[in-house]
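Undergrad: Protein chains in written order, with this note's numbering: chain S, 285 to 593; chain A, 123 to 400; chain F, 1060 to 1374.
Heads up, some of the hints might be wrong.
To be verified - No more than 27 Å apart at the CA atoms, straight line, and that leaves these computed lysine-lysine pairs for DSS-like: (1) A/K248 / F/K1358; (2) S/K589 / F/K1166; (3) F/K1358 / A/K287; (4) F/K1061 / A/K248; (5) S/K396 / F/K1162; (6) S/K396 / F/K1239; (7) A/K268 / S/K301; (8) F/K1162 / S/K588; (9) A/K292 / S/K301; (10) F/K1354 / S/K306.
Said to hold, decoys possible - To give a feel for the contact side, a few chain S residues facing chain F, derived at Cβ under 10 Å: (11) M319; (12) S339; (13) I343; (14) F346; (15) A347; (16) A349; (17) K350; (18) P351; (19) M353; (20) A355; (21) E408; (22) T483; (23) V484; (24) R503; (25) F505; (26) M587.
It is worth saying that the hints were derived from the structure and are not from the lab.
Note that the Cβ used here is the ideal one computed from N, Cα and C, for glycine as well.
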Amino acid sequence: MASESAAVLGSNNEEQKMREMKARAGRAIGVDNFMTGVFYVVAGFFLALLIALASYIIIKGFAGAKPYMFAFDSQGIGNQFWNTIYLVFLSLLISVPIGVMAGIYMALYAKKGRVATILRIAIETLSSLPSIVVGLFGYLVFIVMTGNSWNLFAGALAVSILSLPLIATTTEDAINMLPDSYTKGAFGMGATKRQVITTVLLPAATPHIITGVILAAGRGFGEAAALLYTAGMSTDLNWHMVSAATNPFNPFRPGETLALNIWALRTEALRADAAEMANLSSAILMILVLGFSLLAHTIERHMKKKSGV
Amino acid sequence: MSADNAVRAEAVKTTANTGNKTMEAKKEVVKMQAEHLNLHYGSFHALKDINIKIAKNEITALIGPSGCGKSTFLKTLNRMNDLEEGVTIDGKVTLDSDDIYHGSLSAIQLRQRVGMVFQQPNPFPKSIYDNIAYGPRIRGVRGKDKLDQIVEESLREVGIWDEMKDRLHKSALGLSGGQQQRVCIARTIAVRPEVILMDEPTSALDPISTMKIEDLALKLKEKYTIAIVTHNMQQASRISDNTAFFLLGELIEFGKTQDIFLNPKNKKTEEYITGRFG
Amino acid sequence: MKAKENSWNFFVRLCGGIVIALPIVIGIFLIIRGNMTFTKYHHSIIEFLFSSNWAPADDMTGGGHVGSAVYIVGSLITCGLALLISVPFSMAAAIFMTEIAPKGGNKVLRPAVELFVGIPSVVYGWMGMTILVPFIKKIFNINQGYGVLSASLVLAIMIFPSITTVAADAIRSVPDSARKGAYGMGATRWQVIYQVVVPAAKTGIMSGVVLGLARAFGEALAVAMVIGKTRSFPKGILSPTTNLTSAIASDMGGVMEGGEYNAALWSMALLLFLISLLFIFIIHRMAGSAERKEKKLEKMAEQAAKAEAAANGGN
Chain S
285 MASESAAVLG SNNEEQKMRE MKARAGRAIG VDNFMTGVFY VVAGFFLALL IALASYIIIK
345 GFAGAKPYMF AFDSQGIGNQ FWNTIYLVFL SLLISVPIGV MAGIYMALYA KKGRVATILR
405 IAIETLSSLP SIVVGLFGYL VFIVMTGNSW NLFAGALAVS ILSLPLIATT TEDAINMLPD
465 SYTKGAFGMG ATKRQVITTV LLPAATPHII TGVILAAGRG FGEAAALLYT AGMSTDLNWH
525 MVSAATNPFN PFRPGETLAL NIWALRTEAL RADAAEMANL SSAILMILVL GFSLLAHTIE
585 RHMKKKSGV
Chain A
123 MSADNAVRAE AVKTTANTGN KTMEAKKEVV KMQAEHLNLH YGSFHALKDI NIKIAKNEIT
183 ALIGPSGCGK STFLKTLNRM NDLEEGVTID GKVTLDSDDI YHGSLSAIQL RQRVGMVFQQ
243 PNPFPKSIYD NIAYGPRIRG VRGKDKLDQI VEESLREVGI WDEMKDRLHK SALGLSGGQQ
303 QRVCIARTIA VRPEVILMDE PTSALDPIST MKIEDLALKL KEKYTIAIVT HNMQQASRIS
363 DNTAFFLLGE LIEFGKTQDI FLNPKNKKTE EYITGRFG
Chain F
1060 MKAKENSWNF FVRLCGGIVI ALPIVIGIFL IIRGNMTFTK YHHSIIEFLF SSNWAPADDM
1120 TGGGHVGSAV YIVGSLITCG LALLISVPFS MAAAIFMTEI APKGGNKVLR PAVELFVGIP
1180 SVVYGWMGMT ILVPFIKKIF NINQGYGVLS ASLVLAIMIF PSITTVAADA IRSVPDSARK
1240 GAYGMGATRW QVIYQVVVPA AKTGIMSGVV LGLARAFGEA LAVAMVIGKT RSFPKGILSP
1300 TTNLTSAIAS DMGGVMEGGE YNAALWSMAL LLFLISLLFI FIIHRMAGSA ERKEKKLEKM
1360 AEQAAKAEAA ANGGN
């Protein structure tokens, strides 16, 4: 015991000091243990909240569902499901090429100087834009100024504005993470800058870029505010006639998505089963979003393992 | 072989200077002791059956090539390796005959009595004053007068009070490397520890700052017990009373510094201190 | 070969140019449309910001009132309250996954927090409507649960992951030497965290908080679903009110294009845009001043070393 040995050494004073010090350290350790407990509780709380929320949404959605709700007609949400997938697909067709090229530009062309600064500010501005503001912009430019009515393509354009910064920055990061030796090796063999990028850097960066694209898709599924005044809140699909204006592949028709459907159903006046429909839409959206998120994580982990070897 | 001779000559000189005092002043008291100490990093056996006595109010130098376990051993003395994962320790380490791993002493209490100075000067991103007052504050010292006094005393003790007194409330990160390291030492002694562990405290410093830290260590041993890890043979011979030579996790030789440097018993020790490997 | 290079370079630059042009174009359109309230319909900015008399005319002749103070106050109060609720939890979660249990934190809590980010805002809103609002109604025993508290709680849950991830990154980037120094002096983990690590990560943590605030300000549908949409200043945290984004989300579709009402809603959108720019500016200012401070200290350290060397050389 420390206090004993202090006592052996002599003065009472020393012993008292030692005891005091011990008590103080004891208190500090007590506070430390308490705070550690607090942190575990908070972390546990959020983990439990996420699990509870996700499973509640999914279980409640399917528990209240009737078979007709899955139909691809005006009674079910099949059409909204199709619109969600199709809209995100279209938006990626636009945002992926532009975003990847912009990412290449940021990583390899405008690394420093004024252009780089402006680009960075532009990307940050884009990624912090409220989606309702993007929706209004889309409404003005793609609907009002072109004289169209609500259409899926306008919605896809609005969503691609929102996913552009994410794809551009992931591409930039993916390229910057590659070792210098890749570039040097390729240049050393007489490749042009374009060849270095297309044959060495882009292929090596692709898995990482795909993770970014999947995350962007996940966000796109849930987007609603940007679609309110672009894609519109109605849908009427004709699955039997390809030539019809309402055929599912025609992007220039109104296209309500699952997320918009939930917003539209918030007032129960619309139909008697509104709550059940919204629950089911929420459940399907959750599955889509969580599935894509998990997919992105799996790819990322797989990549880490591979590069770790 | 001239380097060899120079080291030896220096060792003779220093022991001649300090030898008398240690001889007559006090009998050797053991402050810390390791007995049959083994340490594993996962399956790697990093320290093998170490037996060593750290004498009170003396400087013990731990030398050896990189990766020999000298820093690892130093960290076992105030349980800094508790912070690393996969470390298992068996054997016994004592402070004033209290077992520091299995006794009633917590790691927190232990570190308050056994302080540490690191290789890279690591002042907190706070003012000089707050850096030095940090330790006393976490021990519950309140009151400006008391803290002012501790800060001044500690800075005086490390010999930079005059340089620092007008800029106490400026960030410690704005100091030179040598000044930062002395602030870190002041920070450590501000809580009046019993033992100070120094992990290559001068390896990031220029020669003049190094000299100042060495002088400081010699001064501090009057009050504290010091264990210092060093790569620098001259440094070990200049300032230490005892030297321990580590190799591949084993303690090859341990004894009075003059003996180790003048008459090493082990061939490996001789080869290392004369610069044949390491 | 050469032509291929040139067209490639052109295309890369074009895409970079699109990214730069997009926010500028959006800004210009917002300014043009948002300004109509003040130019075409002759309202003053003071009226728009500080009056609570909201009765814009839904036609091209104008003459109504565009005082948006209620909406602005609603946005400010819900976001402020959301921040107050969210920040302590976010800090705790960030500290947990960096300092307390980095292994489990990185494997479990971090992906979980990132999953939170992905949950669509309408789903949050819908859950708020169907779980939170009835719950608040019940425990406070009031007529209805829509209002400031519901909106703030929904927002708090929504911004929690953003703040947490940024704060965790900031804490993670604090060098280990600072932690070791404090541990070496016998500090407990909690002392190391709140006396050394958190102060050192201050700037990054603040950026996370501002980012969360920006997200809360721009959130539209989730808030609109639970805030109660009542155009009056809230009397307490349980009373319903409204905010900027709800107004745009629910009214824009029904008003006449180019009319006074429409113009007033565009002014609100412009205000939201300017606020999000302001937040970016604040984050940059904070990061910039932290960087400048660091540079200055580095320079001072260099000078101190030089001065020392000169003094020693003189001896």
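Undergrad: Next step is simple, just say for each hint if it's right about the structure.
TA: Hint-by-hint comparison with the structure:
Between A/K248 and F/K1358, the direct Cα distance comes to roughly 17 Å. Compliance with the 27 Å bound is thereby established for this hinted pair. With a C-alpha separation of about 14 Å, the suggested pairing of S/K589 with F/K1166 holds against the 27 Å cut-off. The straight-line distance between the Cα atoms of F/K1358 and A/K287 is roughly 21 Å, inside the 27 Å bound, and the hint therefore holds. Distance hint between F/K1061 and A/K248 is unfulfilled; the C-alpha atoms sit about 57 Å from each other, more than 27 Å.
The straight-line distance between the Cα atoms of S/K396 and F/K1162 is roughly 36 Å, outside the 27 Å bound, and the hint therefore fails. A C-alpha spacing of about 36 Å is found between S/K396 and F/K1239, which places the hinted pair above 27 Å, so the restraint is violated. For the hint linking A/K268 to S/K301, the alpha-carbon distance of about 16 Å falls within 27 Å, and the restraint holds. Restraint check for F/K1162 and S/K588: the C-alpha separation of about 16 Å stays at or below 27 Å, so the hint holds.
Using a Cα cut-off of 27 Å, the hinted pair A/K292 and S/K301 is violated, with the two alpha carbons roughly 33 Å apart. Pair hint F/K1354 plus S/K306 does not hold up; C-alpha atoms about 42 Å apart against a cutoff of 27 Å. The interface hint given for S/M319 holds, since its Cβ lies 4 Å from the closest Cβ of chain F, which is under the 10 Å cut-off. Hint on S/S339 is violated. Least Cβ distance to chain F is approximately 12 Å, over the 10 Å limit.
A distance limit of 10 Å between C-beta atoms decides the matter here; for S/I343 the minimum to chain F is near 13 Å, and the interface restraint is violated. Violation of the interface hint for S/F346 is found here, the shortest Cβ-Cβ separation to chain F being roughly 15 Å, above the 10 Å cut-off. Among the interface hints, the one on S/A347 is violated; its C-beta lies about 14 Å from the nearest C-beta in chain F, farther than the 10 Å criterion. The beta carbon of S/A349 is not positioned within 10 Å of any beta carbon in chain F (closest approach about 15 Å), and the interface hint is therefore violated.
Interface restraint check for S/K350: the shortest CB-CB distance to chain F comes to about 18 Å, outside 10 Å, so the restraint is violated. With 10 Å as the threshold, the beta carbon of S/P351 stays out of range of chain F, its nearest partner Cβ sitting at about 22 Å, so the hint is violated. Checking S/M353 against chain F by beta carbon gives a least distance of about 16 Å; that is not within 10 Å, so the hint is violated. Annotation: S/A355 was flagged as interfacial toward chain F, and the flag is violated, the nearest CB pair being 22 Å apart, outside 10 Å.
About 5 Å separates the beta-carbon of S/E408 from the nearest beta-carbon of chain F, less than 10 Å, and the hint is met. A cut of 10 Å between beta carbons decides the hint on S/T483: the least distance to chain F is about 12 Å, and the hint is violated. At its closest, the beta carbon of S/V484 sits 15 Å from a beta carbon of chain F; the interface hint therefore is violated under the 10 Å criterion. A distance limit of 10 Å between C-beta atoms decides the matter here; for S/R503 the minimum to chain F is near 7 Å, and the interface restraint holds.
Checking S/F505 against chain F by beta carbon gives a least distance of about 7 Å; that is within 10 Å, so the hint holds. For S/M587, the suggested interface contact is broken, since its CB lies about 15 Å from the closest CB of chain F, more than 10 Å.
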